[in-house]
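Undergrad: All residue numbers for the sequence shown refer to the numbering used here, where the first residue is 1 and numbers rise by one.
These are calculated hints, taken from the structure and not from any lab test.
None of the values given here were measured: they were computed from a predicted structure.
It is possible that some hints are incorrect.
As the list claims (entries may be wrong) - List of simulated lysine-lysine pairs, DSBU-like, C-alpha gap at most 30 angstroms:
1) Lys234 - Lys291
2) Lys681 - Lys712
3) Lys234 - Lys357
What the hints assert, rightly or not - Here are the computed distance ranges between Cβ atoms for each label pair:
4) Ala361 - Trp300: 22 to 30 angstroms
5) Lys31 - Arg202: 50 to 58 angstroms
6) Lys560 - Thr529: 49 to 57 angstroms
7) Pro824 - Asp621: 48 to 56 angstroms
8) Phe624 - Glu218: 55 to 63 angstroms
9) Glu218 - Asp77: 35 to 43 angstroms
10) Asn564 - Lys291: 21 to 29 angstroms
11) Lys31 - Ala90: 20 to 28 angstroms
12) Asp621 - Gly462: 41 to 49 angstroms
13) Arg453 - Glu314: 31 to 39 angstroms
14) Ala716 - Thr261: 30 to 38 angstroms
15) Leu674 - Asp804: 50 to 58 angstroms
16) Ser818 - Ala716: 20 to 28 angstroms
Note that the Cβ used here is the ideal one computed from N, Cα and C, for glycine as well.
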Amino acid sequence: MQGSDLTKRAILLVDDSSINREMLESNFVSKYTVRHAENGAQGLELLRKYPDTSAVILDLDMPVMNGYQMLEAVMRDPKLCHTPVVVITANGDEDSQIRALDGGAIDVITKPFRPRIVRHRIDAIIDRRENERLEEENRLYEKLLRQSELDERTGIYNKQAFCRRTAAMLAANPNDRFVLFRWDIDRFKVLNDVFGVANGDRFLEDIGAAYRENTRIEMTYGHWMADHFVTCMKQEDFERYDIINKILSLSSERYGTYDLTTRIGIYEVEDTTLDVSLMCDRALLALQSVKNNFTNRVAWYNGSMRDALIEEQELAAEMVAALENGQFEVFYQPQYDYDNNVLHGAEALVRWRHPQKGLIAPSGFIPFFERNGFISRLDEFVWRTVCINIRKWKEMGLPVVPISVNISRIDLYNPRLCETLIGMIESNGLDSSMLRLEITESAYMYDPDQLVRTVENLRSAGFSVEMDDFGSGYSSLNTLKDVPVDMLKLDMRFIESGKDSARSGSILSSVVRMAQWIKLPMVAEGVETNEQADYLKSIGCIYLQGFYFAKPMICEDFEKLLSNQEYVPVKKEQKTVDIEGAEDFLNASTQATLLFNSFVGGAQIIEYDGEGCVECLRANDRYFEVIGCDRKCFYSRERDMLTMFFPESAKELLRVLNLAAETGEEQQCELHYLPIHDDGKELWTGVRIRYLARTDKRCIFYMASENITERKELDALRMRLSDIVRNIPAGIAIYRWGKHLHTEFISQQACDILGYSQEEYEYLLENNVPITLADSFANREEEIRRALFSGQTVDSTVPIVRKDGSWIWLRAVCSMVSHEGRTPMIYATLFDATEQHNSEEKLEALLSTAHCGIFKYQADEEGRITYISESMLKMLGYTREQFTERFDDRFPMMIWHEDRARVLESLYDRSIDNNSTKGACEYRIEKADGSLKWVYDVGQRIINVDGKEWFYVVIIDIDQRRQLENLV
Numbered sequence: 001m002q003g004s005d006l007t008k009r010a011i012l013l014v015d016d017s018s019i020n021r022e023m024l025e026s027n028f029v030s031k032y033t034v035r036h037a038e039n040g041a042q043g044l045e046l047l048r049k050y051p052d053t054s055a056v057i058l059d060l061d062m063p064v065m066n067g068y069q070m071l072e073a074v075m076r077d078p079k080l081c082h083t084p085v086v087v088i089t090a091n092g093d094e095d096s097q098i099r100a101l102d103g104g105a106i107d108v109i110t111k112p113f114r115p116r117i118v119r120h121r122i123d124a125i126i127d128r129r130e131n132e133r134l135e136e137e138n139r140l141y142e143k144l145l146r147q148s149e150l151d152e153r154t155g156i157y158n159k160q161a162f163c164r165r166t167a168a169m170l171a172a173n174p175n176d177r178f179v180l181f182r183w184d185i186d187r188f189k190v191l192n193d194v195f196g197v198a199n200g201d202r203f204l205e206d207i208g209a210a211y212r213e214n215t216r217i218e219m220t221y222g223h224w225m226a227d228h229f230v231t232c233m234k235q236e237d238f239e240r241y242d243i244i245n246k247i248l249s250l251s252s253e254r255y256g257t258y259d260l261t262t263r264i265g266i267y268e269v270e271d272t273t274l275d276v277s278l279m280c281d282r283a284l285l286a287l288q289s290v291k292n293n294f295t296n297r298v299a300w301y302n303g304s305m306r307d308a309l310i311e312e313q314e315l316a317a318e319m320v321a322a323l324e325n326g327q328f329e330v331f332y333q334p335q336y337d338y339d340n341n342v343l344h345g346a347e348a349l350v351r352w353r354h355p356q357k358g359l360i361a362p363s364g365f366i367p368f369f370e371r372n373g374f375i376s377r378l379d380e381f382v383w384r385t386v387c388i389n390i391r392k393w394k395e396m397g398l399p400v401v402p403i404s405v406n407i408s409r410i411d412l413y414n415p416r417l418c419e420t421l422i423g424m425i426e427s428n429g430l431d432s433s434m435l436r437l438e439i440t441e442s443a444y445m446y447d448p449d450q451l452v453r454t455v456e457n458l459r460s461a462g463f464s465v466e467m468d469d470f471g472s473g474y475s476s477l478n479t480l481k482d483v484p485v486d487m488l489k490l491d492m493r494f495i496e497s498g499k500d501s502a503r504s505g506s507i508l509s510s511v512v513r514m515a516q517w518i519k520l521p522m523v524a525e526g527v528e529t530n531e532q533a534d535y536l537k538s539i540g541c542i543y544l545q546g547f548y549f550a551k552p553m554i555c556e557d558f559e560k561l562l563s564n565q566e567y568v569p570v571k572k573e574q575k576t577v578d579i580e581g582a583e584d585f586l587n588a589s590t591q592a593t594l595l596f597n598s599f600v601g602g603a604q605i606i607e608y609d610g611e612g613c614v615e616c617l618r619a620n621d622r623y624f625e626v627i628g629c630d631r632k633c634f635y636s637r638e639r640d641m642l643t644m645f646f647p648e649s650a651k652e653l654l655r656v657l658n659l660a661a662e663t664g665e666e667q668q669c670e671l672h673y674l675p676i677h678d679d680g681k682e683l684w685t686g687v688r689i690r691y692l693a694r695t696d697k698r699c700i701f702y703m704a705s706e707n708i709t710e711r712k713e714l715d716a717l718r719m720r721l722s723d724i725v726r727n728i729p730a731g732i733a734i735y736r737w738g739k740h741l742h743t744e745f746i747s748q749q750a751c752d753i754l755g756y757s758q759e760e761y762e763y764l765l766e767n768n769v770p771i772t773l774a775d776s777f778a779n780r781e782e783e784i785r786r787a788l789f790s791g792q793t794v795d796s797t798v799p800i801v802r803k804d805g806s807w808i809w810l811r812a813v814c815s816m817v818s819h820e821g822r823t824p825m826i827y828a829t830l831f832d833a834t835e836q837h838n839s840e841e842k843l844e845a846l847l848s849t850a851h852c853g854i855f856k857y858q859a860d861e862e863g864r865i866t867y868i869s870e871s872m873l874k875m876l877g878y879t880r881e882q883f884t885e886r887f888d889d890r891f892p893m894m895i896w897h898e899d900r901a902r903v904l905e906s907l908y909d910r911s912i913d914n915n916s917t918k919g920a921c922e923y924r925i926e927k928a929d930g931s932l933k934w935v936y937d938v939g940q941r942i943i944n945v946d947g948k949e950w951f952y953v954v955i956i957d958i959d960q961r962r963q964l965e966n967l968v
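Can you make the complete structure from the sequences, with help from the hints?
TA: This is the structure we're talking about:
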């Protein structure tokens, strides 16, 4: 073995052949430290002494311990099992090689071997193993590094790592402009409560994954705390890739059905040497400036925010002394009953009259006091001041009105709140109705259970509770459903422009109407124009507050206002007249609602404003089945249902609604709908309308609908058919075939044929008088019955008695219509065939003496024979019954089968012209005795009075015809 070099990798040669070892060593010595062993035992000892050996070349056939045994020992040793072993064998047996590979060898080389090839294979194995070792070391190193820098929950930088990495990025790019922004998720705690903490954690993981997947932008990012994230990037990238919208959409990607709101605060890096944590604090100031802003969710840091922070700190240092020294002052803003133009109440508002800064508006200190908790002490000051002033006004003999005071969110957690208020009222000798308590709607979103408990306690103590800023938060409907308040205060800033905007006007009208139906008075605050006031009054909101009437005023000015009142205003109650049970249809959990949705037909709850506007408040699924549209299609029409009908029907609906409201009785009418879809059809509904309730001018009705389009179309069809029947020459009749043949309907033309007037025959119908037929009809009655019941059309001529007692031949073309469970009806077209029948009788008598036959058949594929002369039957040797049985009374069947195709083709040449003999032909007919008779056929096609085509045919015996021709 050559002297070892610590910089070289080592290999071990284990072979009992010294020649093989020397040959291999000469090939490896330039690159590797080479060690030798003569058998497996020596090799195992060297390998344990040098466990860092890069590879082993092992001969399988050796004394003491062979290669298989050494290989097995190596693989069992945890310290040696990762060493690559390449075996050398002179045995070409495949099983031996597989045994070595199964034992753990990484490769097999057979003797004789080529040293250079062996060298390349060993190099490749050692290099691959070395690379794998280095990769594993790198992975371990990176894992340790990441564990010290990465946030465990999100997989991105933690706070400390973000600051280090961001400082390094800013230092490396001194000439570039950067922005650092911080963002969070509003109500993330609520998300955890609703979806579970595990889902909340997964959402944070998703945000981390979204950051890590970004490869286009050079930036740093990290999880700062809770649901706060921070990011720093070049300003040009921030603007180019619209990062803001990407972040704002993150919350909706996983929880699209849940309203998560994202807020972002942005700091533009001006001094790259500033501590990164301070930069994050400034971004947080920007974020907090929009924390409770529902219209703006992004803010840039500016110097005024820092100034505001400093100012808040100054206010915090002065607020206690200011309260003790009387710097806070209560103002009063009047509330009016605009319908009667009298004072309805007032709202107490607080101002800070600062000795240096002057009069500070509530927005300058209330939000800060709510954050630091001082608001509770300030609220108690306002309550106490208002109670003292009301007592003073009463002592002055002024017509006092209720005063609304604010209950802040933090006050709801005061266990002595109700006790404190009662104490103030009683100590001033007041009734609790003189103090109205305003609770902001947004308080519901923080702790709804606590809010409900507090409101119930206050109302039990006799206080009137108002919901302030209704419509400005996220939970308006939930709040109305759960919180038992006595009045709503609508913030006009939410609507902005009542009458000027159709959409905002509709929203405002709906909110007011909803409040009316649940019997909640409403005060609209923020009214600034006469137009707004008049519009609010027109939709039923009469209690108003705002600059249009008066600005907040000091106590002395409000006293003057009270002294000018002519009388004490009385609280105005809702003008409602309810029918018992009407509320059930507006309550989601009643039995009436279950019936409304599930068991009745098409139904709606509609509202009529008394001035021509009808609106759908509710509709069940079956109503949409009746009118053939879905709710989405109906949505655009529900606010003004009259647009769905033809003008006459719209007028009819208003008439019926007014009548139902006046009488209280159910009314019915039929309504003609315009096409609902572009490709839709008109439809008719029959409706039943029941009056339910009234408030002011508005009324609520229950309206049930059924589709009667088919019936209306049938009525119209009957009218058209009646006109047609009156103008056709034949009579029309409908018969019921029971024990006797009873007439159900008969037209005037048919009455004329029978000699009756329409009135006379209707009398017979009403008294079930059967028609009188000749005895001969009884002979054919069963035959006709069978034909009709088998679905055939029967063309029959029967004798019948007219009114005057005379007999006529009545021809009836009849078909039967069966209705399940009902007696079959026979529909007939009637003709007076007396003259035709008499002519045929005379013709039959004449032809009976001749040596020719005559028959009549229908001009169609079936060729049904309806008449055949006795002379023809005699010619062929059949009776009438035998002829029918043999040929089924069908002309094609009468022709001998070899002649049939030729004869039927010639029929098309037969003309309607009586002088034409076109289509005359000769063919054979099988006689009764089985022989064939040649006949000469001369036929004429005619059109009968009923519009059908027939053939009249004369048949001459060929033999007789030839005798006549010979005579001629």
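Undergrad: Does each hint hold? Answer for all of them.
TA: Okay, the hints, checked on the actual structure:
no.	hint	in the structure
1	Lys234 - Lys291	holds (25 angstroms)
2	Lys681 - Lys712	holds (14 angstroms)
3	Lys234 - Lys357	violated (41 angstroms)
4	Ala361 - Trp300: 22 to 30 angstroms	holds (24 angstroms)
5	Lys31 - Arg202: 50 to 58 angstroms	holds (53 angstroms)
6	Lys560 - Thr529: 49 to 57 angstroms	violated (25 angstroms)
7	Pro824 - Asp621: 48 to 56 angstroms	violated (39 angstroms)
8	Phe624 - Glu218: 55 to 63 angstroms	holds (56 angstroms)
9	Glu218 - Asp77: 35 to 43 angstroms	violated (49 angstroms)
10	Asn564 - Lys291: 21 to 29 angstroms	violated (44 angstroms)
11	Lys31 - Ala90: 20 to 28 angstroms	holds (26 angstroms)
12	Asp621 - Gly462: 41 to 49 angstroms	holds (45 angstroms)
13	Arg453 - Glu314: 31 to 39 angstroms	holds (37 angstroms)
14	Ala716 - Thr261: 30 to 38 angstroms	violated (59 angstroms)
15	Leu674 - Asp804: 50 to 58 angstroms	holds (56 angstroms)
16	Ser818 - Ala716: 20 to 28 angstroms	holds (26 angstroms)
The earlier numbered hints that this structure contradicts are 3, 6, 7, 9, 10 and 14.
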